[in-house]
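With the hints as a guide, bring both chains together as one complex.
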Amino acid sequence: MSTLVGAPPTASPALSTAAPNPRPFRLVRHSLALAKRSLIKTWRTPEALIDVTLQPVLFLVIFVYVFGGAVAGSTHDYLQFLLPGILAQTIATGAIAIGVNLNTDIAKGIFDRFRSLPIPRSAPLVGAVLGDVVRYVIVTVSTLAIGYLMGFRIETDPFRAIAGCLLAVLFALCLSWLPVYVSMKVRTPGAVQGLMFALIMPLSFASNVFVAADTLPGWMRAFVDVNPMTHLVDSVRGLFLGTPLGSHVWWTLAWCVGFVAVFMPLALRAYRRKI
Amino acid sequence: MTADLVIEAEGLVKHFGKTRALQGVDLAVPRGTVLGVLGPNGAGKTTAVRILSTLLTPDSGTARIGGFDVVRDAERVRQSIGLTGQYASVDEDLTGRQNLELFGTLLELGRVGARRRAAELLDWFDLTEAAGRPAKTYSGGMRRRLDLAASLVGSPDVIFLDEPTTGLDPAKREDMWEVVRSLVTNGSTVLLTTQYLEEADALADSITVIDHGRVIAHDTPEGLKRVVGGQTLEVRPSDLADLPRIAAILSEVGSGAQADEIRKGVLAVPVTDDRALTESVARFAAVGIAVTELSLHLPSLDEVFFTLTGRTASEDDTTHRTEVAA
Ligand SMILES: Nc1ncnc2c1ncn2[C@@H]1O[C@H](COP(=O)(O)OP(=O)(O)OP(=O)(O)O)[C@@H](O)[C@H]1O
Ligand SMILES: [Mg+2]
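So the protein lines, in turn, are chains G and U.
All letters in the first sequence, in the order written, are residues 1 to 275 by UniProt numbering.
All letters in the second sequence, in the order written, are residues 1 to 326 by UniProt numbering.
There could be a bad hint or two in this list.
[Unchecked claim] PhoX-like cross-link-like pairs, simulated, lysine-lysine; straight-line CA separation at most 25 Å:
1. 41/G x 274/G
2. 274/G x 108/G
3. 108/G x 136/U
4. 36/G x 274/G
5. 108/G x 185/G
6. 41/G x 18/U
7. 18/U x 274/G
8. 41/G x 185/G
9. 185/G x 18/U
10. 18/U x 36/G
11. 274/G x 185/G
12. 136/U x 172/U
13. 108/G x 36/G
14. 108/G x 41/G
Read the hints as simulated data drawn from the structure, not as lab findings.
Isolated chain U, as found in the complex (with noise of 0.2 Å):
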């Protein structure tokens, strides 16, 4: 831990009322790398990005951003973050250039200075042609959009991303990962959380893993897969009766396991190898196997919590709602 860490948390706690939403949670990010928090609804997610981002404050346990606390310095720590909450945190009767614009006076840009940003950054998320109608028109990945360009008009040095991708289509997702990717080789600092092992694993350098408001897992997604199994292909036959045949060609090409039928008329095999794909495809040609479908998978978050905790997330949720409408 001698890396130069801009997010820095240790023991985290906030209960609301009867509610242990934080119950000692450490978070550790190097500069330049993006941390991936995954965890089921209910986790602590949100609760910790908000302590992060100055919005809330611990019941106990320290952070920092940049060096500094986020409760001492919290003036501080605002102009070094940048924060894209879970739920739009924009001016709905304002337009996207209002909005944009408002921001960088806000941050001192001047008003030339905050025009210039908003133009750049409407265009950048290709919001330029709705600039001019209140946000309330826009559609839920514009809305996300603009809130995620409205947390980057200070160019900030720390950005948090709370569960960026929920709610988009899967264009949409790849468009946002890139979007994240580029922040970072710019040499932002990013904590996004999510509850797809998938998109941490696209995205994230590290991956902490929460339920209940502690930590159960901190690794590399590589580390993280080794742990919870990589990943599975999966493939749909035409015709049913090739079944057999292709559970002989999964076996060979997966790392020698035996290949199950998971669904109906589904099989699927764990591979380790990102070229399973293309070598089963080519194999498949080659027999005259046509497939309806075909594709490699990662654990769900339910698989992920199922191995690491022995509970489904599911289930999890369910005894935790009921705990919150006690």
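Chain G with its partners taken away, still in its complex shape (with noise of 0.2 Å):
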């Protein structure tokens, strides 16, 4: 550092004298940029992707070759069955990551600096919800190749499939305000994940992820068909084989704005407390 001689290099001097709004949408910019942010983490540190990827492929090796033959008669009907499924519950599992994230991540020195910028006080929270759109397409086009590989065929065009795929991905970004408020509510990371997972589990078991709705006993069948993740599992279906969509986009868009409508604001406001 013996190099620091002269001044410092003064930039664009429009800064201190600039207005408090100078340019629009700041929310928006500051959060993509912040996004971009969280993007440099999950390319830098692959590891953490592991789970989301390797747990459709236990999941549907396990389900489709023990229970396939038993469930539905044969393994190859059973994957088309299972496969929507298990991208649903995938995406929606690994939604939690980013409350994990985000609990630890908030107690470092990086958030007091955001803090001290003159930004809006959620842009690093939206911020980190949007970066990790990445990881959804991720998780979805890793369980797409995995059933491809164990024989899954999408029985309708290029465009419904893909519109499905859009669908789960926006179902795991609107979900994961959920967790982004339990992150803020609780100490740890490792109490986040255990409280994700006890929400999230029971939501992928009773539904239609595993065994069609109508095969479940009465008491059961109400909640599973509020439940949310029938609705994308069934929206999914719907997309990728052509079976009856009847309203399950509709409710699962609803879902979708349900939980933003709840807990973004929630979550942004246990932020602002929180720090």
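As structure tokens, this is what we get:
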């Protein structure tokens, strides 16, 4: 550092004289800049993706080859039926990671710096949520790839298949405000993980992920029929396999709106209080 | 107090549960000057800096930066400040360059502007070579520099430095001092906290000493040194037999005061003039005395506190720790 001579470089003097809101869409731009930060972090630590890429492999292999014959008569039929469900389950568990990561991240000094910058308070949180979209895309692509290797085939057309994938990604994006909120409320990353698994696992087992909803006992049917996971799975099945879509896509979208409407404000408020 | 005050705080109070971190602190920093906030561990330095930089809200009292209230106009305050906290606040997974570019983007420099600014700062802080490595691979000194660079991205008018040189080796410390001086030359106003009177003396135009969340002294470095005692000249002869002869010379070089043996084989005398050092070197040479060590010292924080409060800072700290743990 002996080279430190002369004046510090002075940059655009505009900054110190700038008006409070120099340019529009600050929240969007700042959140995107911060989403890029999350992306770089995901890129740097690919190990963090192992759980969400391994989980669908395990579930597909175990359920298809162990139960497939018994449940559906043939393993191929069961794979066709199961894959959309596994995609939904994996992407929902994939959304837990953001809560776990934020819980550790927020305790670090970098959040102090964010708070000393003239940016919207919520930008770091919104940025982290957006940055995780890439994780959901990776989950979707890897689950489909594994399915293809095992013999799964899309029975509709590429457009409807892509729509199914996008719906799953959107679902995870909206759902992730729940783990974000939880991460603001509990102390340790382990607690976020534990609590979220306790929430997501019943959602994915008490649903039509593994068996058709009409095979379930009546008392359970009531829960399964409102379960957001059921609607997502039926939507993805319809879009991948051409089964009747009914109003499932609309219900899924309604749940998405619901998650954001409830948990985003809660999470942002908890975040402001926490820091 | 008619000067143009950039940082003003009156009666800041902040409690954390039972810990009274600040119990009514006043601070004032005129434009283009450096205020040194001197205090031992747990004095409340970091708490004060966090309030001034809008990270904490005070329980009572007010503070303004450039005329804007740190609570009500926090957004405006954030546009003119740069904060280098006590602990690094950069992203460990991002590279040095990515960190600086991120802050540039967030500060509305635009993509090209952010990139240019990052390059300038990396160059100025001698981090260009390490710019492509994640910050977690940086040494302590490099991280400190990156952190400081990060707080300068927006060319802030007001800069807070919380113990900027703690943990740096002496050469790096001098470099950091140079950085602070050039920032001030460029018109910035700086508030820095430190545990070293020497550092405050080297950089600050005025010094506020705080202890247990209270201001116990506010003065210019000269004024403070008049109270707590100025420099001492310390000498360690190669041959212990020379001690009496050295004592005689030191008394003449110093302001007539008696030289004391402060540690085994080390003589010290209070001096008022920087020339005492060169003069004693010349005198020792003239009579053929060899010395292994010869240095000028300001009182340590312990000594400052002893003079100001009658207690030592370190005693204070132990009582304080138990209080916090309880
Ligand atoms: N978030 C907090 N929660 C509880 N106590 C706190 C918190 N922050 C600071 N304190 C307490 O407030 C007191 C003042 O702390 P502060 O960090 O301001 O001291 P400091 O002068 O910066 O000390 P150091 O030189 O060790 O950095 C300490 O007793 C500290 O334990
Ligand atoms: Mg501190």
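Outcome of the hint check:
For the hint linking residue 41/G to residue 274/G, the alpha-carbon distance of about 23 Å falls within 25 Å, and the restraint holds. Pair hint residue 274/G plus residue 108/G holds up; C-alpha atoms about 13 Å apart against a cutoff of 25 Å. Only pairs whose Cα atoms come within 25 Å are accepted, and residue 108/G paired with residue 136/U is accepted, the gap being roughly 13 Å. With a CA separation close to 24 Å, the supplied pair residue 36/G and residue 274/G stays within the 25 Å bound.
Proposed proximity of residue 108/G and residue 185/G is supported: the alpha carbons are some 17 Å apart, at most 25 Å. Note on residue 41/G and residue 18/U: the hinted pairing is violated, with a Cα-Cα distance of about 39 Å set against a maximum of 25 Å. Simply put, residue 18/U and residue 274/G have alpha-carbon atoms about 19 Å apart, close enough for the 25 Å limit, and the pair holds. For a cut-off of 25 Å, the pair hint linking residue 41/G to residue 185/G stands: about 24 Å separates their Cα positions.
For the given pair, residue 185/G sits about 23 Å from residue 18/U by alpha-carbon distance, which is consistent with the 25 Å threshold. Of the supplied pair hints, the one linking residue 18/U and residue 36/G is violated, its CA atoms being roughly 41 Å apart against a limit of 25 Å. Proposed proximity of residue 274/G and residue 185/G is supported: the alpha carbons are some 8 Å apart, at most 25 Å. Taking the CA atoms of residue 136/U and residue 172/U, the gap is about 19 Å. The hint holds against a cut of 25 Å.
Proximity of residue 108/G to residue 36/G is assessed by CA-CA distance (about 18 Å); at most 25 Å being required, the pair is judged to hold. Our distance criterion of 25 Å between C-alpha atoms is met by residue 108/G and residue 41/G, whose separation comes to about 14 Å.
Of the hints listed earlier, those the structure fails to meet are numbers 6, 10, in rising order.
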